[in-house]
Amino acid sequence: MKFALQILDKPTGHWNDLHAVDAIPDRPIVLGRGTQVSIQVVDERLSRRHCQFEFVGSQSFVVDLKSANGSYLNQVRIQRARLCHGDVVDIGNTQLRVLLWRDDQPKRVGPQDRAMSCASCGNVLSPDEVPTVLDPIRPPITFCSKCQGHLRMVGNAVAGYTLLEFLRVGPTGPVYRAKKGGEDEVTIKLLPAEQAQTPISMTRFERESILGSQIEHPNVVRVLAHGKEGKHYWLVTELITGHTVAEILRAAGFLPGDEVVDLGLQVCEALSYLHAKGIFHRDVSPWNVLREPRGGVKLANFGLATASDLAGAPRLTSSTIGPETLAYMAPEALLGTTPADARTDLYALGATLYQAAVGQLPFSPFPLDAFLRQAMHDTPTFPAEPKVREDLQAVLLRLMEKSPDSRPKDATEAKSILAAIE
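For the sequence shown, the working numbering begins at 5 and goes up steadily by one.
FYI, nobody ran anything at the bench for these hints, they're computed from the structure.
It is possible that part of the hints are untrue.
As the list claims (entries may be wrong) - Derived lysine to aspartate or glutamate pairs resembling DMTMM-like cross-links, with alpha carbons at most 25 angstroms apart:
no. : residue 1 : residue 2
1   : K232      : E198
2   : K70       : D94
3   : K235      : E189
Model the full structure from these sequences, guided by the hints.
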């Protein structure tokens, strides 16, 4: 495995090569402002030995060396975290980009020689979308043709909102940071014309628009407006400056027990409010739970939610739901034997908190037949590391009981048993 670092020249916005080496196990690369380091960086906010890059097998890690100002991976403070190609590491006033590629990668790489994924949606690029790389020391960060189209929308206006930044591709379409006149910045989701022709995408978008506009709670992302302009359906929500739990786990691996409990308590507040209004989320997962910089937690994305006033809407079943949702679905939801209720959401919360505590899913959704068998019959187990305290284990297992009757009856009871953990 080859490893390289680029450093951002902030005045120009250009990435300049800093260091390129073979990734050798047990030979870390240490960065800092001192002299006894592998790479010396002139930055007064760095510690003398600030952080290091380690290599274990085919994996690479960044490790903070108890620095005064911390090390951040993709804007999340970390102690030790696994790296992926294109990750951004911030230390002091210095921003670094990580490049990783195979040992056997040829000098000239063509579409037939490497599989690349879109940096936004993660889909594998088609041969026509993979660029020819003349110098493998600087492999590109590439977007698929669809996401390139989303990027080109930046600077345009939709319903009076100027699109400032392309953030990601959501379940129904692109998501942007946007602003309207002198108002606060917001998030705007678009449903492209081609997606609007798909009943499932249209249903998810309509559900989120209708239900979101009925909800106002400090632990739920607020929907501010929605409508249609030209070929685009649009949905505006408050802008959350933090990260999804999924992004945090990608950087940190897992969360300490007290943070897992706090996460659960705040999601229970959101669920208690929703359930009292007859709304069942049905898609609680790390992707739909956001943590703000000051510790607040928000539940987002009501595209799969059910409520009495949506009784006539097209039904969304496990056959029309992706693996990122299936992994958190209760057995009765997978079977479709009973309508969703509060206990269905509590199972998903348990699976989400399990992943936060352990760093992995209770059951992998791949292959699907094995996942279904485990989800129906097996009890999740806890690894030796990271160690999860026994009282927290007991609560998580109760939330993930196979029978709904064995779970807490509602989010208020779930909050009580989580709060009892000392």
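Results for each hint:
1. K232 x E198: Status holds; Cα separation ~14 angstroms.
2. K70 x D94: Holds, at about 15 angstroms.
3. K235 x E189: Roughly 23 angstroms between the alpha carbons, so the hint for K235 and E189 holds.
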